[in-house]
Amino acid sequence: MKKILEYTLIFILTISTLAFISACSEDDSPAEPEGAGGTNEFLNPSGQPTPSFASDPNYGGLMATINYEFQTLPGFPTANLAMAYAQFGEGVDGGDVVVNQNTLGKNQIEGGTFYLVPSLSNPTQVLTNVNFNGSAHSWTVAGANSVPSITGSVSSARTFSLTSPANDGVLTAANGVNITWNGGTSSRVLIVLASTSGGNNYVAVEDLDDDGSHTIATNELGGISGSAMLQVVKYNYSSVNAGGKNYYIISEVVRTVSITLN
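The sequence shown runs 1 to 262 under my numbering.
Derived from the structure by calculation, the hints contain no laboratory data.
Take the hints with a grain of salt, since some may be wrong.
[Stated by the list, open to error] Within a straight-line C-alpha distance of at most 25 Å, the following computed DMTMM-like cross-link-like pairs (lysine to aspartate or glutamate) qualify:
#1 Lys106 <-> Glu206
#2 Lys245 <-> Glu220
#3 Lys245 <-> Asp210
#4 Lys245 <-> Glu90
#5 Lys106 <-> Asp93
#6 Lys245 <-> Glu206
#7 Lys245 <-> Glu69
#8 Lys245 <-> Asp211
#9 Lys106 <-> Asp96
#10 Lys245 <-> Asp56
[Unchecked claim] The calculated label-pair distances, taken between Cβ atoms and stated as ranges, are:
#11 Asn178 <-> Ser55: 24 to 34 Å
#12 Ser146 <-> Ser227: 40 to 50 Å
#13 Asn133 <-> Pro77: 15 to 25 Å
Positions of the beta carbon are idealized from the N, C-alpha and C atoms, including for glycine.
Make a model of the complete structure from these sequences and hints.
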């Protein structure tokens, strides 16, 4: 029964992710500065936020292992799931992509290619041999088209708890948003607060120390009010230079809560 529920959740999450991708592809507006309306540059086809390397003029692509929690149904425990994601350039097919012996499924939308586990072609695939305890996440890319052969690894981020605010908490915007979590590692931290009550307003702060706390001040909220989603991401990354491009390898753990800002 547990395995059936797990497969069902994975299938639902895969379909939801691909629906999200389709919706995002319809928005051709350029990325705005952090905290403004517009396309959130930290979102991607995985459906989870990742750090942005857009400032790197030699950026070639990204490979990520992601641990995240998903609220299943009211009254049921939160599901802890893992996925793998990769994309090269603006969606170039780079051949077979493997992380810790898991071959990622190829997905195509509007002529571009990205890679996922689980994927639409294999929605019940479970990421195996990938733990979030400081162990190595090793990647190989066969190479194709303009993407070279790539080999690299990163030490995984470690799981943690987001201690405040509480899920479904109601906060007073005039007090800002005080965020605490279990800190104390060498990982970097990305925080994204995005409106879910209409509009594209979001606030993002990246490359923070993992010191266990951060406050988004009232004047940094960018007009966000009503329902919002707060995500705290711990991540480790390394880069591989191949063919004159930099390819980033990320391991991250994402914790998410829904809040209301009054």
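Hints and how they fare:
Restraint check for Lys106 and Glu206: not satisfied, since their Cα atoms lie roughly 29 Å apart, outside the 25 Å limit. A hinted pair counts as satisfied when its Cα atoms are at most 25 Å apart, and Lys245 with Glu220 does not qualify at roughly 34 Å. A hinted pair counts as satisfied when its Cα atoms are at most 25 Å apart, and Lys245 with Asp210 does not qualify at roughly 29 Å. Taking the CA atoms of Lys245 and Glu90, the gap is about 13 Å. The hint holds against a cut of 25 Å.
About 8 Å separates the Cα atoms of Lys106 and Asp93, which keeps this hinted pair within 25 Å; it holds. Under the criterion of a C-alpha separation no larger than 25 Å, the hint pairing Lys245 with Glu206 is consistent with the structure, at around 23 Å. The suggested pairing of Lys245 with Glu69 is violated, with an alpha-carbon distance near 33 Å, which exceeds 25 Å. This hinted pair does not check out: Lys245 and Asp211 have alpha carbons roughly 32 Å apart, beyond 25 Å.
For the given pair, Lys106 sits about 9 Å from Asp96 by alpha-carbon distance, which is consistent with the 25 Å threshold. Taking the CA atoms of Lys245 and Asp56, the gap is near 10 Å; set against the 25 Å cutoff, the hint holds. Restraint check, Asn178 to Ser55: a C-beta distance of roughly 29 Å satisfies the suggested window 24 to 34 Å. As the Cβ distance of Ser146 to Ser227 is approximately 42 Å, the hint placing it in 40 to 50 Å holds.
Separation of Asn133 from Pro77 is about 21 Å and conforms to the stated range, judged on CB atoms against 15 to 25 Å.
The structure fails to meet hints 1, 2, 3, 7, 8 from the earlier list, while all remaining hints are met.
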